[in-house]
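Colleague: Each protein sequence line maps, in turn, to chains W and P. If you count the first sequence from 1, position 60 lands on 60 in my numbering, and the numbers rise without skipping. If you count the second sequence from 1, position 165 lands on 165 in my numbering, and the numbers rise without skipping.
These aren't lab readings, by the way, just hints derived from the structure by calculation. Keep in mind that this is a model prediction, so the values were computed, not measured. Among these hints, one or two may not hold up.
[What the hints assert, rightly or not] Just some of the chain P residues that point at chain W, by a computed CB distance under 8 Å: (1) Lys87; (2) Lys88; (3) Ile91; (4) Trp93; (5) Ile98; (6) Phe100.
[Said to hold, decoys possible] The following residues of chain P were derived to be distant from chain W, with all beta-carbon distances above 10 Å: (7) Asn48; (8) Glu62; (9) Met103; (10) Asp276.
Where a beta carbon is used, it is the ideal one built from N, C-alpha and C, also for glycine.
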Amino acid sequence: MKIAIPSLGSELSSPVDNKLGRAENFVIYDTLSKSYEVLENSENKSLSQGAGTKTAEMIIRKKVNVLLANNVGPKALKAFELANIKVFSVPEGISVEKALNLYNEGKLSLS
Amino acid sequence: MNKGEKDNFVVVFASGKGGTGKTFVALNTAKVLSQKITVLDCDVEEPNCHIFIKGDLIEKTETTLFIPFVNKEQCNGCGECARFCEKKALICWGVPPILFPEMCSGCEGCKMVCPLNAIVDSERVVGRIEIRQNGNIHLISGIMNIGQESPVPIIRTLKRMISRDNISFIDAPPGSSCSVVASILKADYVVLVAEETPFGLSDLNLMIALSKKMGIPAGVVNNRKGIGRENLSEFLKEFGIPLLCEIPYDKNIFNAYSKGELIVDISLKYNSLFRDFALRLFNEVEKRKNGKR
Chain W
1 MKIAIPSLGS
11 ELSSPVDNKL
21 GRAENFVIYD
31 TLSKSYEVLE
41 NSENKSLSQG
51 AGTKTAEMII
61 RKKVNVLLAN
71 NVGPKALKAF
81 ELANIKVFSV
91 PEGISVEKAL
101 NLYNEGKLSL
111 S
Chain P
1 MNKGEKDNFV
11 VVFASGKGGT
21 GKTFVALNTA
31 KVLSQKITVL
41 DCDVEEPNCH
51 IFIKGDLIEK
61 TETTLFIPFV
71 NKEQCNGCGE
81 CARFCEKKAL
91 ICWGVPPILF
101 PEMCSGCEGC
111 KMVCPLNAIV
121 DSERVVGRIE
131 IRQNGNIHLI
141 SGIMNIGQES
151 PVPIIRTLKR
161 MISRDNISFI
171 DAPPGSSCSV
181 VASILKADYV
191 VLVAEETPFG
201 LSDLNLMIAL
211 SKKMGIPAGV
221 VNNRKGIGRE
231 NLSEFLKEFG
241 IPLLCEIPYD
251 KNIFNAYSKG
261 ELIVDISLKY
271 NSLFRDFALR
281 LFNEVEKRKN
291 GKR
């Protein structure tokens with residue numbers, strides 16, 4: 001299973017980015033291999049319009065199953081819903097690793 | 001103005017900065033004219049001309065805009081439409097695209113690039129047009145629906161309603177972006193309503209640059225003269241743009257305006273000031289039109 005998390009940096013210890021469409025990067029964590037890749041979001045975040053929907057498109061294309069994010073707008077949320085991606089809300093200011101742990105412990109609720 | 005009824009030019013009242021008096025100058029000028037005039041309220045996000053021109057509503061129509069309808073049986077999810085869409089209103093991930101209608105500008109590009117002709121015409125309501133008549137003034141107002149992203153389609157619809165049988169005034173929205181460009185496009189003259197404040201002159205500067213770039217002659221009205229410490233006449237010297245009229249900072253004007261009244265209806269002094277301005281403006285427009293020929 002693949003989990004996407006918007007991130008300010010490129011490590012698991014990096015803080016979660018509280019934006020979605022204009023997030024710096026996305027960490028895509030693979031629960032099977034316990035490895036991750038980092039997706040740069042530089043192209044989408046500089047769009048004048050449609051950053052949220054285009055970012056959603058990028059994440060959906062990565063065949064992600066779950067998104068952990070602080071703030072997801074209504075348009076992106078609709079796209080994730082149609083692509084059967086579950087979106088969970090994470091508290092502001094925590095690390096990517098902490099967000100993953102909270103998810104594994106079942107402590108996050110659906111957006 | 002010896003041509004009288006034959007005049008059919010289009011004058012836009014714009015400002016850059018909001019609240020300088022576009023509507024005030026446009027409507028008071030329209031009101032002192034003897035001939036028929038069309039007034040277009042292009043400030044479709046906050047139209048207000050109807051507050052001052054209290055005519056009965058004689059027509060109301062919905063404004064619609066193209067949106068794509070995707071024929072799912074014909075679509076293979078190639079994503080060409082989503083890649084093309086400048087407004088990012090379509091997204092696609094290998095299945096038929098998803099449309100966010102409020103983001104679509106109605107350009108029809110998606111329909112053109114679709115290799116399978118899977119996109120057909122549909123439409124959505126983006127606002128409405130209301131027409132009122134009061135004396136010599138034929139008022140056409142555009143009203144954008146809440147939640148729409150762009151006022152431009154409604155402004156375009158309004159501008160298609162300009163009659164070439166009479167003079168038209170356009171009350172433009174504030175700012176100097178797309179909606180103002182759409183309002184000014186193809187006009188014969190732009191009246192820039194300015195105020196002598198730092199913001200006022202800074203935004204006037206942008207509007208002078210915009211009208212120059214669009215090749216439309218401009219003149220300036222100094223409204224609420226004395227409101228700030230800047231000097232408009234001094235500022236205009238380097239641009240070679242005429243100062244057409246100066247309107248004093250006068251409490252009587254506020255009192256009338258706050259009640260939805262036009263000052264030319266209740267004050268002889270301002271009635272004659274606006275008559276003089278109209279004369280000056282029309283001469284200026286004619287001069288520029290003849291100069292172009």
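Colleague: Report the numbers of all earlier hints that the structure fails to satisfy, in ascending order.
Modeller: 9
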